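**Student:** Sequence:
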Amino acid sequence: MRVELPGIRHWRHDLTGCLHVAMAVLLQHRGLNPVEVLGAAWSFDHRPERLRREEYYFPGGEDDLLAALAPYHPLTSRWHSPADATAGWLEVRDAVAAGQPVAVSADNYHLPFRPAFGDVHTNHLITVYGFDDELDIALVIDSVPPRYRGPLPLPALAAARDSGNPVVHDRDLFFTGQPIGNRWLEAEVTGEIPAFDRDFVRLAIERNAAALHAAEPAGRYAGLAGQERFLLDIAGELAEGSTGAIDETFVVAGPALAVAGLHAEWLAHAGRVLGEPRLLESARLVERVAHHWSAVRIIAGAARPDPAAAAGSMRSRTRELVADHVRALESTRRAVGTTALAR
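Following my numbering, the numbering of the sequence shown begins with 39 at its first residue and continues without gaps.
Because the hints were derived from the structure by calculation, they are not lab data. All of these numbers come straight from a predicted model, not from anything done at the bench. C-beta atoms are modelled at their ideal positions from N, C-alpha and C, and glycine is treated no differently. Certain hints may be false.
Said to hold, decoys possible - Label-pair ranges, simulated between beta-carbon atoms: (1) Gly202 - Arg316: 46 to 52 Å; (2) Gly375 - Gly188: 47 to 53 Å; (3) Pro44 - Gly350: 28 to 34 Å; (4) Gly282 - Gly350: 15 to 21 Å; (5) Arg236 - Arg47: 44 to 50 Å; (6) Ala121 - Pro255: 21 to 27 Å.
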């Protein structure tokens with residue numbers, strides 16, 4: 039039997055990673071615009087005890103990853119954790135045969151089309167959209183450069199999905215030590231998708247502002263105050279010579295970077311659709327925040343040899359990031375005719 043689902047297309051935003059890429063492929067298959075759906079929310083909410091060493095980690099997405107990514111849309115997702123590799127493939131095969139592409143966790147070490155093949159272990163996310171039983175292949179798509187779409191031998195996919203994702207040498211950083219576990223994810227649309235109009239754009243911006251300015255809950259880093267406190271706490275640990283929080287910083291900064299970058303794209307798209315140039319100006323300010331998060335990742339990634347030397351850079355970058363975040367947030371609110379919130 040051979041199945042190849044239609045409507046599978048590459049999608050890529052330069053500041054996002056495999057998480058947004060895989061979700062975009064699933065959304066496009068359902069006729070949705072990934073930018074309009076995945077770019078609407080802009081928040082920060084980190085609970086250290088829930089951190090997972092995965093390239094597709096997203097704060098708040100432990101139970102429903104897609105709902106956390108797109109909180110303003112009727113979407114849901116569910117992780118499946120099969121008993122073993124055989125059960126894992128049969129579950130994925132059944133879902134695809136029923137017309138549903140799915141995202142699967144995989145170790146890049148075992149994927150021939152990834153640059154890390156045979157070299158570096160890491161916890162990645164790709165999409166399965168078909169299979170051929172006679173040829174013993176799955177059809178997969180991965181738009182993270184160098185992008186690939188096409189056949190993957192089932193033994194290679196099984197090895198990637200069943201990997202323990204071990205830390206073997208000093209190149210196995212950030213997304214290792216978390217077994218892959220043959221996990222796969224299905225997504226579902228549960229209601230009517232809202233129109234991408236002025237009312238929706240205003241509502242999303244208002245909700246983003248409310249969440250970012252809300253009082254910080256106990257036991258977590260949330261909102262504008264929380265992200266500033268998180269980064270300053272990291273700087274404090276680095277100043278003491280500790281490397282313990284470097285991986286956490288790199289992992290947390292990834293979704294923060296992606297969310298800001300995609301929200302900037304969402305604002306620019308809204309500005310063009312609505313004919314509102316002020317949203318285009320806001321988009322540039324939000325993109326600036328995204329690039330601050332890119333710098334945070336670079337600082338963390340380079341901090342291991344001399345963490346104390348990185349502390350000053352982390353503190354100064356934090357000041358700039360927070361100031362630009364406030365400026366961008368106020369700009370988006372002004373663009374839709376609302377009163378700016380004071381910091």
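**Student:** Looking at the structure, which of the earlier hints fail to hold?
**Tutor:** Structure breaks hints 3, 5, 6.
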